[in-house]
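Assemble chain B onto chain A, guided by the hints.
Chains as they are written, first to last, in full-length UniProt numbering: chain A, 1 to 204; chain B, 1 to 204.
Only true hints are included.
Which copy is meant is left open, so a pair is good if it fits within one copy or across any two.
Derived DSBU-like pairs (lysine-lysine); straight-line CA-CA distance at most 35 Å: (1) Lys86 to Lys173; (2) Lys111 to Lys173; (3) Lys62 to Lys113; (4) Lys86 to Lys4; (5) Lys111 to Lys4; (6) Lys23 to Lys4; (7) Lys56 to Lys111.
Simulated from the structure, these hints should not be mistaken for lab results. Quick caveat, the model's predicted, so the values are computed rather than measured.
Number of protein chains: 2
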Amino acid sequence: MVQKGLLIVLSGPSGAGKGTVCKAMLPTMKTTHYSVSCTTRAPREGEVEGVNYFFKTVEQFKGMIAGDELLEWAEVYTNYYGTPRKYVDDMLNAGENVLLEIDIQGALQVKKKFPNGVFIFLIPPSLQELKHRIVGRGSETEESLNMRFGAAAEEMSYISEYDYVVVNDEVEKASDRIRAIITAEQCSVQRNLEYYTTLIKEGQ
Amino acid sequence: MVQKGLLIVLSGPSGAGKGTVCKAMLPTMKTTHYSVSCTTRAPREGEVEGVNYFFKTVEQFKGMIAGDELLEWAEVYTNYYGTPRKYVDDMLNAGENVLLEIDIQGALQVKKKFPNGVFIFLIPPSLQELKHRIVGRGSETEESLNMRFGAAAEEMSYISEYDYVVVNDEVEKASDRIRAIITAEQCSVQRNLEYYTTLIKEGQ
Numbered sequence: 001m002v003q004k005g006l007l008i009v010l011s012g013p014s015g016a017g018k019g020t021v022c023k024a025m026l027p028t029m030k031t032t033h034y035s036v037s038c039t040t041r042a043p044r045e046g047e048v049e050g051v052n053y054f055f056k057t058v059e060q061f062k063g064m065i066a067g068d069e070l071l072e073w074a075e076v077y078t079n080y081y082g083t084p085r086k087y088v089d090d091m092l093n094a095g096e097n098v099l100l101e102i103d104i105q106g107a108l109q110v111k112k113k114f115p116n117g118v119f120i121f122l123i124p125p126s127l128q129e130l131k132h133r134i135v136g137r138g139s140e141t142e143e144s145l146n147m148r149f150g151a152a153a154e155e156m157s158y159i160s161e162y163d164y165v166v167v168n169d170e171v172e173k174a175s176d177r178i179r180a181i182i183t184a185e186q187c188s189v190q191r192n193l194e195y196y197t198t199l200i201k202e203g204q
Numbered sequence: 001m002v003q004k005g006l007l008i009v010l011s012g013p014s015g016a017g018k019g020t021v022c023k024a025m026l027p028t029m030k031t032t033h034y035s036v037s038c039t040t041r042a043p044r045e046g047e048v049e050g051v052n053y054f055f056k057t058v059e060q061f062k063g064m065i066a067g068d069e070l071l072e073w074a075e076v077y078t079n080y081y082g083t084p085r086k087y088v089d090d091m092l093n094a095g096e097n098v099l100l101e102i103d104i105q106g107a108l109q110v111k112k113k114f115p116n117g118v119f120i121f122l123i124p125p126s127l128q129e130l131k132h133r134i135v136g137r138g139s140e141t142e143e144s145l146n147m148r149f150g151a152a153a154e155e156m157s158y159i160s161e162y163d164y165v166v167v168n169d170e171v172e173k174a175s176d177r178i179r180a181i182i183t184a185e186q187c188s189v190q191r192n193l194e195y196y197t198t199l200i201k202e203g204q
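Next up, chain A with everything else stripped away, as it sits in the complex (with noise of 0.2 Å):
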């Protein structure tokens, strides 16, 4: 009996740092894949077609929300992000775990089609320090700045949609309780009560 793999959504405000959490946390996990997901905005410096993220024109992007392959997609600050399907399929039915680092909006489509997923809130120390990430960054207009911070505040009110909350105050220690929410739900006998139950028949 294979076990089916999790699916892992890491969501929460923008500027919580849940891209350098997933870049540090995923090499040291091997059962667990990052789905690369799709978008219309311009590469940032660095990015890399395929690995940061599948970058699509709008057509393209559109063609794909008509032909449903997408998990969920949205439209954020003028921009489409979206993530496709199979890939989270095949490896979700071959018993590997798939991580996905979504914003809220996509977190709250996907919970509707997974609701077994483990939704996971990264929130910085305190809405203070996350200002000075939003600032830090660089790569805004103080207009896309002020929406984007404004955003966030509203944004922390959807906790409570998620199963955990992880405060990011060192990249280190996030990425080890994110570590420890998967090992904490692999040994979740709500998971598991299929496969324990035949382990019971046949012990005895």
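For chain B alone, coordinates are given in the frame of chain A:
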């Protein structure tokens, strides 16, 4: 605001290795404290009063039951076992975690009083392995051994009452999984909703 500590209940069939896992795990955990049980059974070689158990006469034990000083108690294999209530309450209120290592009868009693406890079921890799371990301990008569093994097989069916199953394939791995479960539970949204609601209000 002091967050209440977690009550972690490590239970499972006799011979699963609860004691060995606790011994390996506790020195590495600063904020998790072992709750020492009372028992009327005779000390095994090397067991120390107040460290492994508080050893009581039957009369003393019945006095504790009458005085409502026990969180749970049970008669197992002609001996009494129980958990002093005060230590657990004091630690949890101070924000410290408490680890109870108890048999299944006791765990089910605790669950009624502490439904928010973290209930972990420790199992050996197979029932065959369980039999080897009980025999290997060498402290039992054949009759009590058969009684224990029969009970262990039956006890496996209580898995569904627990939150987590941890396979004790290797002591270090089992300890790591339990530590991960504690970390994950500390990140649980349900456990921390009040805290985060306050955080959000303060941040806006």
